[in-house]
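> Spelled out, the chains give:
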Amino acid sequence: MIRLRDIEKSFKTGAGETFVLRRISGEVQKGEFVTIMGPSGAGKSTLLSILGMLDGDWRGEYYLFGEPVHAMKPRARIELNKRYIGFVFQQYHLLDDLTVYENLEIPLSYRNVKRKEREAIVADALDRFQIVGKKDLYPSQLSGGQQQLVAVARAIIAEPSMILADEPTGSLHSSQGRMIMDLLKQLNREGTTIVQVTHNEEYAAYGDRIIQLRDGWIVEE
Amino acid sequence: MDQLLSDIRHALRHLRRAPLFALVAGTSLAIGVGVNAGLFSAVNALLLRPVPGVDHPERVVEVGRSNQGRGFDTFAYPDYLDLKSEVRAFRTAAAYTFDVFAYSDGGEGSRVTGMSVTPEYFSVMGLTPERGRFFTADEDAPGSRPTVAVVSHDFWMDRLGGGVDVVGKIIRINRIAFQIVGVTPADFRGQTTGVHPEVYVPLRMRPALRNRGEEDFTNRGASWHMMVARLAPGATVQEADTQVKAVYARLAQAYPRTNRNRSGAVVPLGLVPGPGRGPVKAFLSVLMGLAALILLVTCANVAGMFVARASHREKEIAVRLALGAGRARLVRQLLVEALVVFAVGGVVGTAVGVMLVRSLPVNRLPLPIHVSIDLSPQAPVLAFALALTLGTGLLFGLLPAMQATRLELTDSLRDNGSTQGGRAGLMRRFFVGGQVGLSLVLLASAGFFLRALDRAGQVDTGFDPRDGYVTGIDLDLEGYRGEESAALQQRVLERVRALPGVESAAMSADLPLDMSRMGTGVMPEGWTPPEGQRGLGTDFTYVSTDYFATLKIPILHGRAFVETDDVSSEPVIVVSRTFVDQVWPGEDGLGRQVQVEGDHEPWRTVVGVVADVKGRFITDRPEPMMYLPLEQNPHQRMDVVVRAKGGIATVAPALRSAILGVDPSLSLNPVLSLESSSSLGIFPQRLAAGLTTALGSLALLLSALGVYGVVAYALSRRVREMGVRMALGAGSTRLALLVLRNGLGLALPGMLLGLPAIVVLGFVLRAFLLGLSPLDPVALVVVPGTLLITVAAACAAPARRAVRLHPMEALRSE
Amino acid sequence: MAGEALIHLDGLSKVFYTEEVETHALSNIALRIQTGEFVSIAGPSGCGKTTLLSILGLLDSPTAGKYLLDAEPVENLSASQRAKIRNQAIGFIFQAFNLIGDLTVYENVELPLTYRGMAGSERKERVQAALERVGMAHRMGHYPSQLSGGQQQRVAVARAIVGKPLILLADEPTGNLDSKNGNAVMDLLKELHNDGATICMVTHDPRYAHVADRSVHLFDGQIVSEDDARRAQALEESGFDVAH
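Chains as they are written, first to last, in my numbering: chain E, 48 to 268; chain A, 689 to 1502; chain C, 21 to 264.
Warning: the hint list may mix true and false statements.
To give a feel for the contact side, a few chain E residues facing chain A, derived at Cβ under 7 Å [said to hold, decoys possible]:
#: 1; residue: R130
#: 2; residue: F134
#: 3; residue: D144
#: 4; residue: P154
#: 5; residue: Y157
#: 6; residue: V160
Hints were generated in silico from the structure; no laboratory data involved. All residues carry an ideal CB built from backbone N, CA and C; glycine is no exception.
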């Protein structure tokens, strides 16, 4: 599903060129649950952003479902992103102005789903995640774990083939963290491919395999 | 469509969470739009609005006479008849004058505004009588004496009781009995803004009303009335104009003595009469230019605020983009937010602006006639305001929206993103600097004018208006003639002088500083006129005895007029010092003789020289002035001026009853204090001071808002830096000073540019400013000082925020 | 004074109150740090390390408990009093370097001294010395944007020591650095420690925790163990999270 060859990212500073990622190559099969680990500054989040097409400034080859992302224009990449990928951020990044319901609805609205359908899909999601009672609350009124829950729900609402999760439990207490990981595991069992970034070994164990990054290099798999 | 509604709903919700931003942006816009809307309502009321009550006003034109190609002036009646019959582009034409009549319904006399018109006037205006009828052609027959009158609807309601018996009622105009035959419709208030005629009489009666003979209708040399016409179907203003000029060309050949230099012009009917349009247009154009500039700078600043706000929401925008929002969709969302702010600001501003303009004290000028300008809100004004708001909203909301959505996603989604504030921030600082500079210049001009006004109080006007009161009697209106007039005037003076508390009293045909003077040409003995001139042009007036004493005008040489200067003694005059200096330099002028221009004029001897007095405006340079004794030169229209103690509340009724005691049916001008009536002389300065103060204050407020916006935003981006400084031990004073320095740094470039502009302004306005030095220290120090203080005050709130920051949270923020 | 702890925390708690939620960031913390010690505070994300460091650095006040700094109680001071003590007694080193971009290297290091009202010549001496100590004196006139991450952090260290503080507080000092630069900064800290500096460092990077004399472990706002360096190293290798 994903194939990477010699992905590299660097930027120039006043002191020279700094490499964030070096010669990253690898594959992720459909239905896998992969964890990317490594110390801070190793480039994990950068790699995930590149996979999620949030970052277009890199060299190398990236194939998604056989499509050559590296050769696409930004518009085409955004379309690809919309179709296949759901992203879960470490800081949740829910929209503070919108209620839970509206936050869940936004991705559908951006994909021009008709209103009746949107209502149905959002209602299903609220049900599934058991947050129907919270649908009119604003993110500031929810706890960290609940916000991340909503963020995960938002990521999957448009039924992406793949979820990219960047430290999804990073800001949470242990019990809430475990709940989120259980949920991701469940989704994976139902067929969604998952790539997560974490530096917590307990949560890394939820995945099928681990990719270690250090100073921009892959050091072991 | 319902996406649009949901965008609006979200915009409102979003703004409610940022009330300060919405308030600052909305208020700035309200001021900018409001000023423009208010001014435009004045422009509309004065220049653009068609005359209300007139049928198809676009088919009505004003006609004016020019002399040697210049001017838009009155007509000679025979010329009018020729134009009326020969210009095919006119379907109907009418002649008219504006008059002030002495009106009486049997009781006390009063003054009313009126018109003398030919019968066609009403059909030129396309009016239908509300009651009765208008004048017929018979009532214009040469040699007739048609004592019929038409009254206005308001006059009928307010003065005649509004009863159904109005037609047939008898009223006295200038002591002549007229019978009312009709009433004009309620929605017609006259063709000129500010002047609402209450009574219409036939033009044929006008000479009788003014104590003149029939020769006015046959003398091609005397120009005294105005002309309007309704265009024939299909005719254009241009065609009418050409035809009028052609007729005048023919008349110039036929009557070279009177018509040699005459021509004519045709302009569309407007609420401001033809000759006044140029100056009014110019004046309003300058004001609107200023207002537009203020709005432009405000919009730019608000746009900057939106850019800043959008940067603040980088994360949100990045998230939305990451969730799949198309750029167009996001731009639309941001644009709607901008439009909502613009709309609210625009609506509030328009309402306030129009209300403020309506409450202007134009209606309280100390003029003898009642002037009122109708500034009620009109559809064009609202349309203008709407177009302005939407236009600026779209223009200035689109740019920030497009800029904000042009992001590199990852930078914003990570914690260490730096902003694109670079170029946008620079532009914003530029605009705020511009605002500051602009308000500096406006405030400086306000400062100049206020100082000038202040100085006006110290200018030596040549007379002392304190304890002076004035009213006026126009004996032409009262039906007095010849000997009767002189006798009445004498009796009035005696009675007034006898009043307790009155120190002295006198009469004059013209008073100082009332914006006007009478002028004529004279030939002084022993003086050769310079090349090209035929005599000396001088101002003049007629005065009674005791005039100079009443106004405390110093007599420099010789004497004032005494009782013995009457028709039986030698003709005498008193002249001003400048008169003497110009024609008999080095002498005191006593005993010299002067001949006034005209046929059979005697040589008059100078018996006294007085100090110069300001005639029209406070800025007048000394001009030659000549005083002629009333006893030797009878005059019908005289102002009565007294010097008395007691305040206007006491003096006015006493004065009125003393004069009315001589003849109870006299109609008098309202009694004014001399200070009030001579304040007309500084009207231009007052007006300028008022306007620049208003505009300057608004500009100042806008600058304060602008500075606040930029400083507050800059602070919000440097919160972490503040946290670092706090961690290093900076105390609250230091932090506050940091914010203040930021704000002052914004203002300084604007001020540095503005200061030389102020000096230039001072030189340009020098003539206006009564000798105030363009380098006046008050203007150069107080005004910038006020600006600096305002800027500092604008920084107060952000400074307080900086001080109150919690260091730990500050360090955590991006 | 020997024997007397430089820093003494007793029964310290910190509770955060927001709209709906009450967060107990720290509960009943007891800690002593002697002059010249190098202590590390370790624990998973969200355990309260940063909060503890903020209170140690007088950036925040505890909700309850005692804090004695150099035998003076400082838990209830006003904001301006805390600012003054921060300036005199505490040197901060942040994860994000936090140099001020508009100021040169020299001006950045000088900043805390300008808040003391020190004379210009004395400031110059001290700044020079601090920069030389960290090996950045040759870049005095440059701006932070012209330096690499590692160099910026070294300047930050110079800024922290220029005022001769009682204690250095470091919050994830290597967090934004790659291994090479991270090692360099840690070496610098070790040197300073050897020269007698008292250092308290927060980190969750297992590579560096053992550099300290001892490690204090936090979990969910409470101290769960205090280990000396060797035992801490063994713990790192067997698994990071110490659950209770």
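> What hints, given by number in increasing order, does this structure fail?
Hints 1 and 6 contradicted; others consistent.
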